[in-house]
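Peer 1: The residues making up each chain are set out below.
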Amino acid sequence: MAANSVNVKTENTNTARSIGTRRGRLSDQIARGIFFVCAVLVVVIIFGVFVFLGINGLQMFKDPAARNFFTSSSWDPSADSPSYGALGFILGSVVTTLLSIIIVAPIGFGMALYMTEMAPRWVNALLRPLLEVFTGVPSVVIGFLGLVVLVPWIANIAAPIAPSAANAGNGWAAATLILVIMILPTVVSVSIDALRAVPDSVREASLALGSTRWQMMKDAVLPAAATGLGTAIVLGMTRAIGEALAVSMVLGGDIHLPAKLLTPSVLFQPNINITNAIVLYFSEASGTERNGYFMLGFVLLIISFLFICVSRYIASRSVYK
Amino acid sequence: MEKQSQRPAYLAQNEVEINPLNKTQVENLPEVSKEAQHMGSFDPTKTLKTDATTKIDVQHTNFFYGAKQALYDVSLPIRDRQVTALIGPSGCGKSTFLRTLNRMNDLVPGARVEGLANFDGFNIYDPKTDVVLLRQRIGMVFQRANTFPKSIFENVAYGLKVQGKPQNVIKERVEKSLHGAALWDEVKDRLNTSALGLSGGQQQRLCIARALAVEPEVLLMDEPCSALDPIATLKIEEMITELVKDYTIVIVTHNMQQASRVSHFTGFFLSGKLVEVASTADIFEHPHHKETEDYISGRFG
Amino acid sequence: MSAQQQISTSVESDERQRLLSLERLTQRLHLKNNIASGILALITLLGALLFILIVIKVLWDGIPYLINPDFYGSTGTGTVGQQIFNTLYLLILSEIILVPIALAAAIYLVEYARQGPLVTVIHFAAETLAGVPSLVLGLFGYLVFATVLHLGLTRLTGTLTLLCLNFPVALRLFEDALTSVAREQREGGLALGSTKWHMIRTVVLPSSLPGIITGIVLSAGKVIAEAAALIFTMGSSNPSNVYTLNPMISTDNLTIHIWYLKTVGAGTIPDNVANAVSAGSAALLIIILLVINIGSRSIGRLIQRKVMAA
Ligand SMILES: Nc1ncnc2c1ncn2[C@@H]1O[C@H](COP(=O)(O)OP(=O)(O)OP(=O)(O)O)[C@@H](O)[C@H]1O
Ligand SMILES: [Mg+2]
Numbered sequence: 453m454a455a456n457s458v459n460v461k462t463e464n465t466n467t468a469r470s471i472g473t474r475r476g477r478l479s480d481q482i483a484r485g486i487f488f489v490c491a492v493l494v495v496v497i498i499f500g501v502f503v504f505l506g507i508n509g510l511q512m513f514k515d516p517a518a519r520n521f522f523t524s525s526s527w528d529p530s531a532d533s534p535s536y537g538a539l540g541f542i543l544g545s546v547v548t549t550l551l552s553i554i555i556v557a558p559i560g561f562g563m564a565l566y567m568t569e570m571a572p573r574w575v576n577a578l579l580r581p582l583l584e585v586f587t588g589v590p591s592v593v594i595g596f597l598g599l600v601v602l603v604p605w606i607a608n609i610a611a612p613i614a615p616s617a618a619n620a621g622n623g624w625a626a627a628t629l630i631l632v633i634m635i636l637p638t639v640v641s642v643s644i645d646a647l648r649a650v651p652d653s654v655r656e657a658s659l660a661l662g663s664t665r666w667q668m669m670k671d672a673v674l675p676a677a678a679t680g681l682g683t684a685i686v687l688g689m690t691r692a693i694g695e696a697l698a699v700s701m702v703l704g705g706d707i708h709l710p711a712k713l714l715t716p717s718v719l720f721q722p723n724i725n726i727t728n729a730i731v732l733y734f735s736e737a738s739g740t741e742r743n744g745y746f747m748l749g750f751v752l753l754i755i756s757f758l759f760i761c762v763s764r765y766i767a768s769r770s771v772y773k
Numbered sequence: 014m015e016k017q018s019q020r021p022a023y024l025a026q027n028e029v030e031i032n033p034l035n036k037t038q039v040e041n042l043p044e045v046s047k048e049a050q051h052m053g054s055f056d057p058t059k060t061l062k063t064d065a066t067t068k069i070d071v072q073h074t075n076f077f078y079g080a081k082q083a084l085y086d087v088s089l090p091i092r093d094r095q096v097t098a099l100i101g102p103s104g105c106g107k108s109t110f111l112r113t114l115n116r117m118n119d120l121v122p123g124a125r126v127e128g129l130a131n132f133d134g135f136n137i138y139d140p141k142t143d144v145v146l147l148r149q150r151i152g153m154v155f156q157r158a159n160t161f162p163k164s165i166f167e168n169v170a171y172g173l174k175v176q177g178k179p180q181n182v183i184k185e186r187v188e189k190s191l192h193g194a195a196l197w198d199e200v201k202d203r204l205n206t207s208a209l210g211l212s213g214g215q216q217q218r219l220c221i222a223r224a225l226a227v228e229p230e231v232l233l234m235d236e237p238c239s240a241l242d243p244i245a246t247l248k249i250e251e252m253i254t255e256l257v258k259d260y261t262i263v264i265v266t267h268n269m270q271q272a273s274r275v276s277h278f279t280g281f282f283l284s285g286k287l288v289e290v291a292s293t294a295d296i297f298e299h300p301h302h303k304e305t306e307d308y309i310s311g312r313f314g
Numbered sequence: 123m124s125a126q127q128q129i130s131t132s133v134e135s136d137e138r139q140r141l142l143s144l145e146r147l148t149q150r151l152h153l154k155n156n157i158a159s160g161i162l163a164l165i166t167l168l169g170a171l172l173f174i175l176i177v178i179k180v181l182w183d184g185i186p187y188l189i190n191p192d193f194y195g196s197t198g199t200g201t202v203g204q205q206i207f208n209t210l211y212l213l214i215l216s217e218i219i220l221v222p223i224a225l226a227a228a229i230y231l232v233e234y235a236r237q238g239p240l241v242t243v244i245h246f247a248a249e250t251l252a253g254v255p256s257l258v259l260g261l262f263g264y265l266v267f268a269t270v271l272h273l274g275l276t277r278l279t280g281t282l283t284l285l286c287l288n289f290p291v292a293l294r295l296f297e298d299a300l301t302s303v304a305r306e307q308r309e310g311g312l313a314l315g316s317t318k319w320h321m322i323r324t325v326v327l328p329s330s331l332p333g334i335i336t337g338i339v340l341s342a343g344k345v346i347a348e349a350a351a352l353i354f355t356m357g358s359s360n361p362s363n364v365y366t367l368n369p370m371i372s373t374d375n376l377t378i379h380i381w382y383l384k385t386v387g388a389g390t391i392p393d394n395v396a397n398a399v400s401a402g403s404a405a406l407l408i409i410i411l412l413v414i415n416i417g418s419r420s421i422g423r424l425i426q427r428k429v430m431a432a
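Chains A, B and C, in that order, are what the protein sequence lines are. Read the first sequence against my numbering and you will find it ends at 773, with the numbers running on by one and no gaps. Read the second sequence against my numbering and you will find it ends at 314, with the numbers running on by one and no gaps. Read the third sequence against my numbering and you will find it ends at 432, with the numbers running on by one and no gaps.
Any given hint might turn out to be false.
In silico PhoX-like cross-links for lysine-lysine, where the CA-CA straight-line distance does not exceed 20 Å [what the hints assert, rightly or not]: (1) K428(C) - K178(B); (2) K163(B) - K174(B); (3) K174(B) - K154(C); (4) K286(B) - K670(A).
These are computed hints drawn from the structure, not numbers from a lab.
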């Protein structure tokens, strides 16, 4: 009897426990399912972005007038025979992005080198938080500052060579400098990470061979960090090409590319780019023109996507991770 | 008990440490030793010069990692064109000592050195010492291979490029030092491929070649053979006996046979102190201190 | 030393020659090194000055308005009370939506998913989404949330668009926070016989709380700073009463307001008023971001200490 009752008891607790675990398993399954859906949501969103912008953008080509999208620089939807050439916008984005990255790269690498290889601790303690704040700085704040400070300043300097002294501050020059401010912190931060990823043994190896610190940076550390620095450049360009409001605030242009492109003065007159066109005209537009702005957005999306692919490719080739 | 056997030997000073791992190593070694005997140059006693001038005269050196003292009052003459071996249990400060000699410890934050190391009339530890010049004269091979992520050629050429040597000199010296480090035959067909593709032992020899290329007066080697197979080890040892005709060499090693095969003088470190330094034959045959004897015999079983 | 002096052979003088040329060489190297170091220091100084001066300029121009209580009112043209409310509203609503979703996704990736193509795809998707310009996401939000889902230009549409924008950022930060929990801790949790979900709730989430808080705070900074993604999804002007929790109305926020005053709306109010409001708002935004950035570190540390103590 006694033995029996013990048996029953253990059986009871066993079933109780197995119910408990079964319930636990069920909630585990449900939780897992929910988590899975949330994780896949990222894929759904990016897929949706491509599909929706692609479909709406490509629809513009149903209109025969839009055939010149990639071949002409004349964008004039409200003309009697409308024209949808986007080359001018694309040119604007490309020029400002390239100019800004050309300025940012040496400054960014220089700052990153100084901060990782030479700076006393307090410099880093001061600059790292500052850079972090500026990686997330509202673009309208920089745009506003650009309008108040930068544009009048450029206008002063460039008035003699600009076609119109009054508008000399607006345009690609101002946009480029705004982009420099917007992307420099990103480039510096990513470059610092890249330089930090280079193990100290590389530095020791160089110094032990009798190199100076500068030779160590130039010949050992920079080459070893090359892939990371490449990523920094590409990420900077990704940010630059997609930057909208700050740039749009100082560009001052509408839809017309200046007539004379191959003179320095082209930088110092109201001018255009992709984001400016979308910001200014999208909400009022309809029909082919509206799809045209989606198409411009789609072009931006494709360019950013290519940049990301390039940066992933570069990163995949890096020696140190 | 298990814990105790893992302790470094200096914590159990009076016990003879018998590490089964070392024993098997020792059993494997005779083959190699035979081969060593064929290479006639492997007898440092023949090249020992007890009256050799002192290249670096280290006196009363104390070294601190922050608050932690790693070297206590170390005095050790390093003789010109002789091999000085540094032996001692792990963590006793051999690498630390070696790194003070070309000021690599400058890179360790909070590190501090006291004392005197007279090299050619100036004190190595003096803050005013030109470390760039110093390191060009006193080269170093690190305990762990630290190849640059560059091609094999670029690695060896690095120090020469630093010195701004012309291209033809670089080419010639790269080949010469790869020969010297017993690596030439293995890499001559792929000089322009990445050095990171080499095996650990090959990378270590590449680092040796890189240090040789700049022809320093003194070569500091921190366990240069720890990642090498017996044959490559022998090649390096042969190289050392060759090099010592022109260079002063300081080598850290855990391998007693190696110390006796290549070195003229041996210093024994224990817990940051230099217990004794004498000619290698003396250290191995008539050690003056019990600790030295224990350490050496412990290793020999 | 004396022995060294006694020996004086031609070898010795060769050595001297070599040493002399080495000395000359290092002199040159030092010169180049000093020039290069000087240039690097100068570049850093100028870069740092640029950012410091921007902060000073924004604060200098803006603080005079900030210290005036009328600035925070909601009547008249020179006030930003409504915009501040909208910014806070948007911040809270987006965090409420963002945090659970991003955290759940991070938990899946860190705790459940096996390394494989799916994880790679999700990471690639997140990385790509993080690189999409916010203006483009604004267009997407307009197409999908405002048009297809018929939500119109509303706070809700804006919030959903911000979710797309912040998801990848928060995901990465949360993933980092979760992975930083030591493996032994997890295995300890599982060994107690509980289910994985139970282990996550009781072991992983509490110990990764500091990292999660940092993620929340940093994404909050992004919400406050964003404008481009919102102008086509939430709107750029206010109804008569914004002080409501209704998510189905179209409003602006601080950043949109600055943009609106200086571009589309330029001329609707006098230029000096527009500049005053913009300067004040810019200063307010910079102060908030400074506080958030400094705060996120110290909050993280504080919570860590509390968790450790408990
Ligand atoms: N960077 C450092 N900071 C603090 N302490 C250190 C540092 N490097 C070494 N030490 C300590 O200094 C002591 C001596 O170390 P060292 O590397 O010189 O030993 P070692 O004799 O070379 O040992 P091994 O044979 O294992 O290489 C050790 O106790 C070690 O822990
Ligand atoms: Mg060592």
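Peer 1: For every hint, state whether the structure bears it out.
Peer 2: Verification of the hints:
1. K428(C) - K178(B): Not satisfied, since the Cα-Cα distance of roughly 60 Å exceeds 20 Å.
2. K163(B) - K174(B): Holds - the C-alpha atoms of K174(B) and K163(B) are around 14 Å apart, at most 20 Å.
3. K174(B) - K154(C): 15 Å, holds
4. K286(B) - K670(A): 39 Å, violated
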